[in-house]
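Protein chains in written order, with my numbering: chain A, 1 to 588; chain B, 1001 to 1328; chain C, 2001 to 2335.
To be clear, the hints were calculated from the coordinates, so they are not data collected in a lab. There's no promise every hint is true.
[What the hints assert, rightly or not] To give an idea of the interface, some chain C residues facing chain B are shown, with a C-beta separation under 8 Å as derived from the structure:
id	residue
1	Leu2017
2	Met2021
3	Ala2025
4	Val2157
5	Phe2167
6	Leu2271
7	Leu2294
8	Val2322
[Unchecked claim] When the alpha-carbon atoms are kept at most 20 Å apart in a straight line, the in silico EDC-like pairs for lysine to aspartate or glutamate are as follows:
id	chain 1	residue 1	chain 2	residue 2
9	A	Lys180	A	Asp196
10	C	Lys2146	B	Asp1321
11	A	Lys525	A	Asp114
12	A	Lys449	B	Asp1070
13	C	Lys2247	C	Glu2232
14	A	Lys407	A	Asp428
15	B	Lys1043	C	Glu2232
16	A	Lys180	C	Glu2232
17	A	Lys398	B	Asp1078
From the three backbone atoms N, C-alpha and C, an ideal C-beta is built for every residue, glycine too.
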Amino acid sequence: MKRRSTLAATAVGALAALVISACSSNGSTTASTGGSGGSTASYNAGVSQVVNPSTQKGGTLIFDSHASPDSFDPGNTYYAWVLNFSRLYSMALFTYQSCPGNCGLNLVPDLATDMGTTSSDGKTWTFHIKPNIKYENGSVVQASDVKYAIERQYDRSVMSNGPTYYQALLTDPSYPGPYKDRAKNLMGLTAIDVPDATTLVFHLQAPFPDLPYVLAFPNSAPVPPSADTGSNYQLHPLSTGPYKFQSYQLNKQLTMVPNPEWNPATDPQKKQLASKIIINLNVNQADIDNRLLSGDIDVDAAGVGVGPTAQAKILSNPTYKANADNPLNGFGRFVYIDTKVAPFTNLHCREAVEYAANKTTLQNAWGGPVVGGEIASTVNVPTVVGYQKFDLYEALTKPAGDLTAAKQQLSMCGQPNGFTTNMAYRNDNPQETAAATALQASLAAVGIKLTLKGFPGGSYYTNFAGAPAYVHSHDIGLAAGGWGADWPSGYGFLDALSNGNAIASSGNANIEELNDPVINNLFTKSSTLSGGARNAIWPQVDHQIMTDAGILPEVYQKALLYRPPNLTNAYVQTYYGMYNYVVLGVKS
Amino acid sequence: MAVHIDVASGPGGPPDVEAGPEGKAIEGRSLGQIAWMRLRRDKVAMGGGIVVVLLILAAIVGPHVVQSPDTFHENLIDPTFQRPIGTFGGISLAHPFGVEPQTGRDLLARIVVGAQYSLLIAFLATLLSVIIGTFFGVVAGYFGGWVDTIIARAMDVFLAFPLLVFALALAGVIPDSSFGLSGNTLRIAVLIFVIGFFNWPYIGRIIRGQTLSLREREFVDAARSLGARGPYILFRELLPNLVAPILVYSTLLIPSNILFEAALDYLGVGLYVPTPTWGQMLSSAVTNQYWYIDPEYMLVPGITIFITVMAFNLFGDGLRDALDPKTR
Amino acid sequence: MIFFIIRRLIMTVFLLLVVSMLTFAIFFLVPRLGGETPYELAAQYVGRTPIPSEIHAVEIKLGLDAPIWLQYGRYVKGIVLGVHYNNGTDVSYCPFPCFGFSFRNDQPVWPQMTSDIPVTVSLALGAAVLWLIGGVAVGVLSALRKGTFFDRLSMGVALAGVSLPVFFTGLIALYLFSYRWSLFPNVHYVGITTNPVQWARNLILPWITLAFLYAALYARITRAGMLETMGEDYIRTARAKGLPERKVILKHGLRATLTPIVTIFGMDLGLLLGGAILTESVFSLPGLGQFTILAIQNHDLPEIMGVVMLAAFFIVIANLIVDILYTVIDPRVRI
């Protein structure tokens, strides 16, 4: 029903836009009042509707990014904004439905024809790809190209950035990758069969109902073996999307132009409106904010929102405010309480932290209620399937903390005067730094003394907080962190965070080292269920994590995004928590 | 940005410090007395000197007098805009310099505690530079020959290093706990080492030049003819005459080191939170863009740095003028 | 003269070798001494959720498992003889000078650096012209009008200039002239070949910020030098001979003062060419300075090595040019 109203709005808006543009072709009226008749711009409009719906083609769409991507190679990226952006030039097997609101969490087929079929034991999946999809050079996409793209993921010395799900899920984990694989046509991965040019058969080690979500990553976008150039492929990936690379200066700028071989009928989730897309890299964040507000650029690519100065300007100026959106960005910010580091081996010491923490100062550290987020009382975030609201430690009723209850818990765990412990955080992340400082100050009120230990973000999860050996040897009782689901199912969000079987020696996300049989069994059970029954598992997992006090939730993070008035079809894609980059256009 | 010890690498050569007229009984005033008299007459320099003394006092005594720099006061912060409630960044009787955005921490306390760290690092780094630079400068100037060549080439190498890059890199590369130290102590040590160690050629060059000209003086010949040997001449004859330029250039090196440390903070390799330093406060105001909504937060550390550096510069200039008999 | 230059060039190579050794030691050796293993080092260059075999693979690919001296040897050999790099599907060759491949994006470092050089050169040279002319002129005038209001004012401003951190002045300038009063909106770098007018327009604010700091310095130095020189006997003689005052000042007075100014100018320009880190950061200019910051933030060791050596090279060459200029300025100097 939401979709239909969106379609209706789009149709009306398109008609209105045609009329208006026909009348004012010589005019110079600025769009500051949101001229088209569809949805007028207003604060937070982009969260639930399409703002400035339009089918008008032309113009240059300009993105600015404050950093370089990890890689523009669809097979070698894990940054959230690149996952969004790369859909402009790559067609993965699945993608998310392009619409504002919760329908944006729905997975829909992109290169695939449908959601796939499973065998009765759930270990074999069959997919078909759409026929006659062409690359930018005119050649037709083969199913073997999809297999090859996935095979590339197995050589981690060349493709070292992206997710590593295939090794964990498919039956051939020791496959060395196509660069070391000299089998016929480089098709050595036995886990995937290609019976014909449009069919793929996946063999899994164990049933995994979320496989289509894994295939929504850009690394399933087809790569013809003849066009692959390994670590140089990032310089010009062969496009199957609406745009193709025109020129790319590393660390500086990428320019894309429309891909003439792209067929909109085969790819309804995307549009091809702008006649040029430019993304500038490594621009100062303050500059980005200012250029957004002045209309010199159209999108802040990182999609995490504006800084405090722009925030103040936007919120205090009604004209600017009408062009802003304040969505949840899908991230939860936490402090992990390591259940294997004394004195947090005792449940009551952990609960003391939950009660004593001043959630308001934590929220302020992340930017306050608008830019930081809502105070969280659960691990799961509202935009993930399986979210249910509950509050075990008065986070919502007593946001400044409950020192009495905290002191009670402390005496129950045998530390009535508090104790000392270490807290890890990323010192190159200013908000996380501020949050750690805030927590240090609030826990000091009950005698819990934190020694803050900062680590660089690049190796935080691989060498420090996410390496249990390091955590134990350095007595790190608390660790700051954040988590965004790789896909919006409760499994995607909660498994790596709390499954005892998911504890890894490096890159560990279950930093609180929870190994609760209740939780582990719930996960095992979930792989045998589907649909509503499966979704009912997740609140139980969430509840158990909080009962175990393994995680102190800080905020459901929000972002203050700005869409300049000449941006068309702007709305927040709920899964990414940022604007949907594949439908944008500009008014010329 | 080149970090300079300012005018120190002198126009037309280093200031010529005359040997004191020792041994003349009639109306003899020591160099120190003459310099002091001159300095006293230079009001601007004295002003600078007084400010310097006050700052040092504030750094030593202050932290015990002010409130805690780490206490959050979230009730003083407007939650929507994350800025201090009230004008001028929340100035009030309880918080004479206002409070920090987002956290509400008292700025006066943070400035005073920050003075401790900023001044400590700058002083110790300067001391390190001076010790290394004087040693090598004197040895190179006095012994000459191949000793001089080697030391002069070494100075070239160090001067060829892009200093800021090195400081940045080194501070970022050293692991969290090494060489027996950890945390802030390690960071302070690293900063002192980096700033002091890479700056020694500036002093080294000047001292070398001074020594070169001094060793040709008659009093050195006289000492030698009396039977004095190398070390005696170095320590008893030359060194006292080098005290003046050492003093002057140290005073001029300190402010440059303060600025350098501020730059390192801006680039993210300063001390760990929640320790305040002036550079960190300034960089936080700059990178987090608080300066637009709360300019006071940027002006307070900015002006503090400015006043401190100015004071040292003025005093150093005055000291140099006082010690140089040729001016005026 | 020629022999002097050749000797100095040989010394330059030697110097660069020493710099490279020290740099390598700092970045590769110090972490080892501090207890970091190659595995831990390699873990910084992988994505968010790596598997242990992945980290090992990266460790081997980047050559981090080899002993330090071997890594250094390979690096130097690579600079001179070039490197064959396996990018997966084939082997590419990176010719002299090959400063290795970025640990982050596997692309050769040298082309990434050279594309940034024009930006830094534009910034440095433009500011240099401004500060040299401005600083020296103000210094000379202050010296000649010693004690007057102009003198006190200009020296006061100069003192302020050297007492403010450059990122502070840059930021204030940006705020006032770009954001508040829109005189120079949307400052970003435009190549001189693309559009000379825009190139200059966008660089004016960074030029002024940088030049302000140095002009202040040079004004002070020039003034002090001029005061000293103008008190010399030969100036009095020149005046007594009846030479016009302007000739006295410029030909005789300034000339003598120039030596230390040229020395410092060479040093400063050399340092700046290696990357005006703070200025480029404030104004988002994609030059060597920003390249350096990114390289360090990303722990991209080959990029760090490359930019440090390039910066050292500029400094050394600048010193060489300065020494040659001495012979022109000061006829007493013989090399």
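Here's how the hints hold up against the structure:
no.: 1; hint: Leu2017; verdict: 10 Å, violated
no.: 2; hint: Met2021; verdict: 10 Å, violated
no.: 3; hint: Ala2025; verdict: 11 Å, violated
no.: 4; hint: Val2157; verdict: 12 Å, violated
no.: 5; hint: Phe2167; verdict: 5 Å, holds
no.: 6; hint: Leu2271; verdict: 5 Å, holds
no.: 7; hint: Leu2294; verdict: 11 Å, violated
no.: 8; hint: Val2322; verdict: 12 Å, violated
no.: 9; hint: Lys180(A) / Asp196(A); verdict: 25 Å, violated
no.: 10; hint: Lys2146(C) / Asp1321(B); verdict: 15 Å, holds
no.: 11; hint: Lys525(A) / Asp114(A); verdict: 26 Å, violated
no.: 12; hint: Lys449(A) / Asp1070(B); verdict: 13 Å, holds
no.: 13; hint: Lys2247(C) / Glu2232(C); verdict: 16 Å, holds
no.: 14; hint: Lys407(A) / Asp428(A); verdict: 33 Å, violated
no.: 15; hint: Lys1043(B) / Glu2232(C); verdict: 28 Å, violated
no.: 16; hint: Lys180(A) / Glu2232(C); verdict: 78 Å, violated
no.: 17; hint: Lys398(A) / Asp1078(B); verdict: 19 Å, holds
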